[in-house]
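S.K.: Fit chain A to the supplied structure of chain L, relying on the hints for placement.
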Amino acid sequence: SAVISQKPSRDICQRGTSLTIQCQVDSQVTMMFWYRQQPGQSLTLIATANQGSEATYESGFVIDKFPISRPNLTFSTLTVSNMSPEDSSIYLCSVVAGGGHEQFFGPGTRLTVL
Amino acid sequence: RKEVEQDPGPFNVPEGATVAFNCTYSNSASQSFFWYRQDCRKEPKLLMSVYSSGNEDGRFTAQLNRASQYISLLIRDSKLSDSATYLCVVKANAGKSTFGDGTTLTVKP
Chain L
24 SAVISQKPSR
34 DICQRGTSLT
44 IQCQVDSQVT
54 MMFWYRQQPG
64 QSLTLIATAN
74 QGSEATYESG
84 FVIDKFPISR
94 PNLTFSTLTV
104 SNMSPEDSSI
114 YLCSVVAGGG
124 HEQFFGPGTR
134 LTVL
Chain A
3 RKEVEQDPGP
13 FNVPEGATVA
23 FNCTYSNSAS
33 QSFFWYRQDC
43 RKEPKLLMSV
53 YSSGNEDGRF
63 TAQLNRASQY
73 ISLLIRDSKL
83 SDSATYLCVV
93 KANAGKSTFG
103 DGTTLTVKP
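Chains L and A, in that order, are what the protein sequence lines are.
Numbering of the first sequence is given in our numbering, commencing with residue 24 and proceeding in unit increments.
Numbering of the second sequence is given in our numbering, commencing with residue 3 and proceeding in unit increments.
Bound conformation, chain A alone:
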């Protein structure tokens, strides 16, 4: 079993749709959680950190469930520019991160 598992995707949604990605992790000692976005042929970029209380940044909402060991990312009112691969990242301590395989989102007109 992988340390970090994401929805396999791909997700193809129309503009304006709401889409949710889930990610599960196996290491109960994990401390930090992030969502990254990676555009085609580009490096990953931090989208948002995920806090225990949940956090929102505009159309994006991230939630953490420590008991069930999963995190989620909700995107409301999808835009064409949201098309990308979304990577779930989990860190057990201040050192190295473990990346999920990513979920590809395509938003269509």
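Isolated chain L, as found in the complex:
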């Protein structure tokens, strides 16, 4: 398995500002993902964070709004830029670890945009 930490655990932000979320894994992993989960809904994949290259974004998500860094195999950041109340959500970092392709999640960052 993998132990994942995220910072901050929660934040309340003003519209128009940006927030950077950090994800730290206790071991080197190849696959790292960022998800969003809005209240009462399932997880939506934002992007795959690739080490040494640009992130791969899913339909509906763009780099200007959600820039991602992946400087090494244990760390990544997701920035939510120019926030609006619609960005209020839980943002989850996730990695694939273990031989069975299991996916593990960080505790999430609960973001509220006023």
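Simulated from the structure, these hints should not be mistaken for lab results.
C-beta atoms are modelled at their ideal positions from N, C-alpha and C, and glycine is treated no differently.
Mixed in with the good hints there might be a few duds.
As the list claims (entries may be wrong) - Derived list of chain L stretches under chain A, where covered just means 3 residues or more per stretch with a C-beta under 8 Å from a C-beta of chain A:
| id | stretch |
| --- | --- |
| 1 | 61-74 |
| 2 | 124-131 |
Stated by the list, open to error - Pairwise CB distance ranges (calculated):
| id | chain 1 | residue 1 | chain 2 | residue 2 | range |
| --- | --- | --- | --- | --- | --- |
| 3 | A | C42 | L | N105 | 27 to 33 Å |
| 4 | L | G122 | A | K81 | 26 to 32 Å |
| 5 | A | R43 | L | G39 | 23 to 29 Å |
| 6 | L | S50 | A | E58 | 28 to 34 Å |
| 7 | A | A69 | L | D49 | 36 to 42 Å |
| 8 | A | A69 | L | N105 | 46 to 52 Å |
| 9 | A | S30 | L | N105 | 39 to 45 Å |
M.R.: Frame of chain L; chain A shown alone:
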């Protein structure tokens, strides 16, 4: 049609009941299958992987039917602590996973 579809729920059952969840997937190239559990305001956690031969972990049994493209989760002797949302997850290759919308289970005394 969604790639992964789950029973809409919610399921409200008494303690000790047996409850089953089904999940269907549309991508016939799917290779890996999982059930996750998510408690309120918490991150999803892996409950069990689902193997072609079916697998059991205590009170939990998972089965896969590739021909019909569905997986199931059976919970026997339900406990209050089983109350959670159960997410069906399907993966077509070693990359990204597709999550179902989840089925909410409430076990009542």
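S.K.: For the stretch 124-131 of chain L, do at least 3 residues have a Cβ located nearer than 8 Å to some Cβ of chain A?
M.R.: holds (count 8)
S.K.: Against chain A, does the stretch 61-74 of chain L show at least 3 residues with beta-carbon separation below 8 Å?
M.R.: holds (count 5)
S.K.: Can the suggested window of 46 to 52 Å be confirmed for the beta-carbon pair A69 of chain A and N105 of chain L?
M.R.: holds, 48 Å
S.K.: Take the C-beta atom of R43 of chain A and the C-beta atom of G39 of chain L, compute their distance, and say whether it sits inside 23 to 29 Å.
M.R.: At roughly 27 Å between Cβ atoms, G39 of chain L and R43 of chain A fall inside 23 to 29 Å, so the hint holds.
S.K.: Using the beta carbons of G122 of chain L and K81 of chain A, state whether their distance is inside 26 to 32 Å or not.
M.R.: At roughly 30 Å between Cβ atoms, K81 of chain A and G122 of chain L fall inside 26 to 32 Å, so the hint holds.
S.K.: Okay, S30 of chain A versus N105 of chain L on CB: inside 39 to 45 Å?
M.R.: Check passed, 41 Å falls within 39 to 45 Å.
S.K.: Within 27 to 33 Å or not, the Cβ separation of C42 of chain A and N105 of chain L?
M.R.: holds, 30 Å
S.K.: Take the C-beta atom of S50 of chain L and the C-beta atom of E58 of chain A, compute their distance, and say whether it sits inside 28 to 34 Å.
M.R.: Cβ of S50 of chain L to Cβ of E58 of chain A: about 29 Å, so the range 28 to 34 Å holds.
S.K.: For the hint 36 to 42 Å, verify it against the beta carbon of A69 of chain A and that of D49 of chain L.
M.R.: Once the Cβ atoms are compared, 40 Å apart, the range 36 to 42 Å for D49 of chain L and A69 of chain A holds.
Going through the hint list in order, the structure satisfies each hint without exception.
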